[in-house]
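S.K.: Here is how the chains run, residue by residue.
Number of protein chains: 2
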Amino acid sequence: MEKIVEQTLLFDFYGELLTDHQRSIYEDVILNDLSYSEVAVERDISRQGVHDLIKRCNKILADYEAKLHLVAKFLLIKEKVELIRLSTDDPERIKKISDEILEEL
Amino acid sequence: MEKIVEQTLLFDFYGELLTDHQRSIYEDVILNDLSYSEVAVERDISRQGVHDLIKRCNKILADYEAKLHLVAKFLLIKEKVELIRLSTDDPERIKKISDEILEEL
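Keeping their order, the protein sequence lines are chains R and W.
Note that the first sequence ends on residue 281 in the working numbering; no numbers are left out.
Note that the second sequence ends on residue 281 in the working numbering; no numbers are left out.
Calculated from the structure, these hints are not laboratory results.
Certain hints may be false.
Just so you know, same-sequence chains aren't split out, so a pair can sit in one copy or run between any two.
What the hints assert, rightly or not - Straight-line alpha carbon distances no greater than 16 Å define the calculated EDC-like cross-link-like pairs of lysine to aspartate or glutamate that follow:
id : residue 1 : residue 2
1  : Lys271    : Glu192
2  : Lys235    : Asp188
3  : Lys254    : Asp275
4  : Lys179    : Asp209
5  : Lys243    : Asp196
Just chain R, with the same shape it has in the complex (with noise of 0.2 Å):
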C-alpha cells in the first residue's frame, strides 16, 4: 500500500488517540499537505520538531494497528463486500461471501 494511503488510514481508525496537539499537526502534514517547513512557520517550532512529531505518531498509530490489526480487518471487509457489488446476479456466490464476512466480524 501507498505510503500515505497507509498513514491517511491510520489515522482514520486511531487519531482520536493522538492529542489535539498531535493531530493537528499530523492532519496538516499528512492529510493536508503542508511541507514540515510550513508548519513549522504556522506553529512557531522547528522543521526538526515537526519531523519528530510525524515520526512519533506514525509509530503510535502502527503501535496500535500492530495490536489490534482493524484495518486490516476492515480492509479485507470492504474487499468482500466490494465482491458482492459486483456478483448481484450470483445468490450462490453473495450466500458465501457473506458468510465468509460474517465470520470474520
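Here the structure of chain R is known, so what remains is to put chain W in place on it, guided by the hints.
M.R.: Quick look at chain W alone, frame taken from chain R:
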C-alpha cells in the same frame, strides 16, 4: 445490549490494549465466567482487588470505544451483511446495501 455481550465485544476489539495481567484476569471473569472469589483464591489476591481490576478494565475498554466507535461501526456492518445474506434473490437491494456498507467503510 446485554452487559456480558458488550463486555465480550469490547474485549474482542480492544483487549490487546490491556496489560497481560489485566487481560488474563478479565478473561477469567468475563469470558470464563469465574466468580471474583474463585479468581481471588486462584491468584492469591483479594476479592476487592479482582473487583477493582474488572471495573478499571471496563472503563479502559469503554473509553477506547467512546473515542474510536469501532465496535459500533462493525456491528452496523454486520447487520447489513446479514440483510444481504437474506436478500440474495434481490439484486437491486443487494446493490443498495453494499453501497451503504462501502460508504460506511
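S.K.: Checking against the hints above, which ones are violated?
M.R.: 1
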